[in-house]
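Colleague: Take a look at the letters that make up each chain.
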Amino acid sequence: MSTSLPPLGRRHFLGYVLGGSTLIAAADLGLADAPSAFAETSARVPTPPQIPELYDLNDLLADAARPTANLITIVIREDGTATFALPRMEVGQGITTSTAMLIAEELDLPLDKVEVTLAPARPELLFNQLTGGSNTTISTYTPIRVAAAVARLALLEAAAAFLGDTVDALVAKGGVITAPSGSSVTYGELAGKAASPATRQVEVQLKGEESFTVIGQPTNRVDAIDAVTGRKEFTTDLQVKGALPTMVCRAPTLNGTPRRVRNLAEVKRMPGVTHVVQVSTGVAVRAATFGQCIDAVRALDVEWKDGPVAKENDASILRRLRAAQLPMPALPDTPLARTITGDFTFYFRSNSAMDTNSAVADVRKDRATIWAGLKSPVVAQQRIAEKLGMRPDQVTVNVVTAGGSFGRRLFFDGALEAAEISKKMGKPVKLMWHRADDARVGRGHPMGTCRVQATVVGQEVLAFNQSLTCVETDFRHGLGEIITAQAADLPAGLGNLGFAETIFALTQEVPYDFGAVVQTLVETDDRFNTGSMRNIYSPDVRVASELVVDQIAATMGLDPLAFRRRFQRNPRLLAVLDKVAEVGQWGKAMPAGTAQGIAIHKEYKGVSACLVEIDCRPATVGRTIREAVTGPRVTRVTYAVDVGLAINPRGLEAQMQGGINDGIALALTSSLHLRDGHFLEASWDNYFYTRQWNTPPQVDVIVMPSTEKLPGGAGEAGVAATFAAVACAYARATGTVPTYFPINHKELSFKPKPVVPPIPQSPTNGLAQTS
Amino acid sequence: MPKQKFILNGKSVTVDVADDVRLLWVLRDRLGVTGPKYGCGINVCKACTSHINGKAFNPCAVPVGRLAPDDEVTTIEGLPEEVAPAQRGANGLHPMQEAWLDRDVAQCGYCQPGQIMAAVALVKRVRREGREITDADLDTIRNICRCGTYARIREAVVDGAGRM
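Going down the list, the sequences are from chains A and B.
Here our numbering is used: the first residue of the first sequence is -1, the next is one more, and so on.
Here our numbering is used: the first residue of the second sequence is -7, the next is one more, and so on.
Bound-form chain A, shown alone (with noise of 0.2 Å):
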């Protein structure tokens, strides 16, 4: 298949049974619907429809796929359970379960009857295997459904000439298949009898939505069982024969270089050590445990080359930050007319996950074989065989399930790392980053800044000017192939620089009739181990531009609530806004240095609206627990979304709770402090992402019934509108609006770890501190 097929029809597709022993269905992974424009009202001075609302990062990621797809297939096996190896990557966001519900729903077949598996890197989907942009379900949902139906028809077919009735007569259920004589036969008997001998083309018609049983319906995730048992399984859980334990011993400055090993022979020689290589990231060390590991990272004496950021600090980055800014577009000259200006500063944030950075590896001489957390396996894989000297076909990339990603896993830096490490060790490895190696050497939302100017005359906004100037967003994992070939006709140009410009158009856009609207990206450094962090620019521009929209409306003598109501211009947004004020009670009293802030979002084809109370009182900001933050608490979220069809409204939920968690990190406690070339952060108990003392003790999401058919993105849409609802209602209860975030990022409240060793040795006191 090089192309994709045109739909027949609403709900009419072409799919194939394949030539095999037990039925194997099929799509062609391309069958995306075509992108949609969202109508749109404006009665206010309107702005000029922006890029997102006509073609959005989604349309060109499911534009991208449709060309160079693939067939996807479903296997009918004879215990009667339907197989799929999904061509994206479970990070936690839930699509295996929803990819599950999809097959139950169109095969007529319980959900703990579908086995939903991940996909090897198949190089022949090019571009369609990559998980990012909130794009998997919007990509994947038409395509998996069409499999399934395929696979039904071609059941009903063979139960048709098995039970000797005609497939209308027949009803699917449970995976049965009964005749009205009563007479019935299950998948399972069916799958050898429903085989093709040779791959044929077959046409189905998809359920109709009013039919719905599984999709839509709130549905706990297949894998809970495995997550609470301790049985699923991460890359270091894995059993690979020779595997050993493996880390790597890391420079003092970011991304440093070693130069030589000063006792080498020594660190050999330490209980349980095998290995000790010099790499080009840093000098690796493979032991018969990772406790071994540590100490030998920690022993070993290592002659640096100072990273590119040597020298470099906050200020320093923010003084260049601050000498590449354009001037803002011009404003219109009215008499009259009130300038309303923001200018903010976002320090730099991590994305590391739970699960840090590891792949195991086996290199050999003529194959080598990889298994990662990967969202880019493609591409890893063409990288990987690059750097071994190998064609890509000698190299196995085996996709596995991640301890989270926040888009750290569309880098593959830890796959590539292991491959060089066994191959110059000549043993497979288990390579684990290290916790303070994934915070300070990880991946990381760049720092930048955002500067607003708004033109009001009376009641009216007539100008609205956004330009966000930041450290260089990372897009160099694949996601960049896509985009040049996609979008040569953009006026970027090539390079990563035009990328993130790509990126920055297609995602961002003012929700608001706001007259002349222009919202412009500068990136301007290169050096930093940055990328798409949940949600990429959204947080920092919705944040900049909901704080002077409350400075806008108090010029105008309405209330956050009223204005954006009024100056919106979506049905779907005003029934988010609307939902948030009702069940979150705007404008109910609030004792003093208590508040509440409300903010909104749109993109990925979704609209969310968030509704905080947020307490500042000094009782609260000064509460004191042992190694952490404290600070504004935020009492209680209303979260309302409106993502399109909702596969499973369980999954979007939680989905909107974890995104909740991050934007209330972002806007009071998590970042990164760079100082002298690295970044201090080592610990979970110096990077403050959002913990049980800071999170909200009430939480409301509300899944919106939605107008639209199809789904939208969900694994983002939490984060930018808590951000900035966090971000208002601290302006409400302090009566300063802050101009840099996180909030308390200018107190370093943590003595940082030394960055010579580079990783801290665990401690030997636990067994005094048992509770």
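Keep in mind the hints are simulated off the structure, nothing from the lab.
Every residue, glycine too, gets a C-beta built ideally from N, C-alpha and C.
Treat the hints with caution; some may be incorrect.
[Said to hold, decoys possible] Only part of the chain A face toward chain B is listed, based on derived beta-carbon distances under 7 Å:
#1 Leu204
#2 Gly206
#3 Thr287
#4 Phe288
#5 Arg296
#6 Ala351
#7 Gly402
#8 Pro647
#9 Arg648
#10 Trp682
#11 Asp698
#12 Lys749
#13 Pro750
#14 Val754
#15 Pro758
Could you slot chain B onto chain A? The hints should help.
Modeller: Relative to the frame of chain A, chain B by itself:
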């Protein structure tokens, strides 16, 4: 090489490993018991939380040589056996695990074994103090969840406490 003896999930085990290797690595790298997760190695993230003689502890901070032969270590794998068969739920699991399933708490799942082990110990602790779980007790849970499942954890701990 010293022989290390302790009781793991109800069975006596013996491992040849140096005294100073932290128990987490003995469990994971030598015994293949991978329910306790590595998240920091310095007793901060609590992803490896397990039980020793019925109380929560973190094996990343315990040199294996400090264990006595009669010390009972329970990891998430052995948690169901901490209660009588009649107290186990529909899936044959500990009441806290069952609450976790009903509330669909896990997202990526990586921290969840530690969260559940900490939750069980917390409930036992407040019971020893003769009271029920409060919001303030829930605020003391140090186990980090980077997916931000805190709201459902709080609901599940209270739910699980009611079933214990």
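Colleague: Have a go at the A/Ala351 hint: is there a Cβ in chain B nearer than 7 Å to its own Cβ?
Modeller: Hint on A/Ala351: holds, closest Cβ of chain B at ~5 Å, below 7 Å.
Colleague: Would the hint on A/Arg648 stand, with a C-beta cut-off of 7 Å toward chain B?
Modeller: holds, 6 Å
Colleague: Double-check A/Arg296 for me: the hint is only fine if its C-beta lies closer than 7 Å to a C-beta in chain B.
Modeller: violated, 11 Å
Colleague: Going by Cβ atoms only, is A/Trp682 closer than 7 Å to chain B?
Modeller: Cβ of A/Trp682 sits 5 Å from chain B, so the hint holds.
Colleague: Closer than 7 Å between Cβ atoms is the bar; does A/Gly402 clear it against chain B? Give me holds or violated.
Modeller: holds, 5 Å
Colleague: Going by Cβ atoms only, is A/Asp698 closer than 7 Å to chain B?
Modeller: With a closest approach of 9 Å, the A/Asp698 hint is violated.
Colleague: Can we keep the A/Pro758 interface hint, with Cβ of chain B closer than 7 Å?
Modeller: This interface hint holds because 5 Å falls under the 7 Å limit.
Colleague: Quick check on A/Phe288 please, does its C-beta sit within 7 Å of some C-beta on chain B?
Modeller: holds, 5 Å
Colleague: Using Cβ atoms only, decide whether A/Val754 comes closer than 7 Å to chain B, and label the hint accordingly.
Modeller: Hint on A/Val754: violated, closest Cβ of chain B at ~17 Å, above 7 Å.
Colleague: Can you verify the interface hint for A/Lys749: is its Cβ closer than 7 Å to any Cβ in chain B?
Modeller: For A/Lys749, the interface hint is violated, since the closest Cβ of chain B sits about 13 Å away, which is over 7 Å.
Colleague: Checking hints one by one. Is A/Gly206 an interface residue toward chain B, by the C-beta closer than 7 Å rule?
Modeller: Since the shortest Cβ distance to chain B is 28 Å, the answer is violated.
Colleague: Close enough to count: is the Cβ of A/Pro750 nearer than 7 Å to one in chain B?
Modeller: With Cβ-Cβ at 14 Å, over 7 Å, it is violated.
Checked against the numbered hints listed earlier, the structure breaks hints 1, 2, 5, 8, 11, 12, 13 and 14; every other hint is satisfied.
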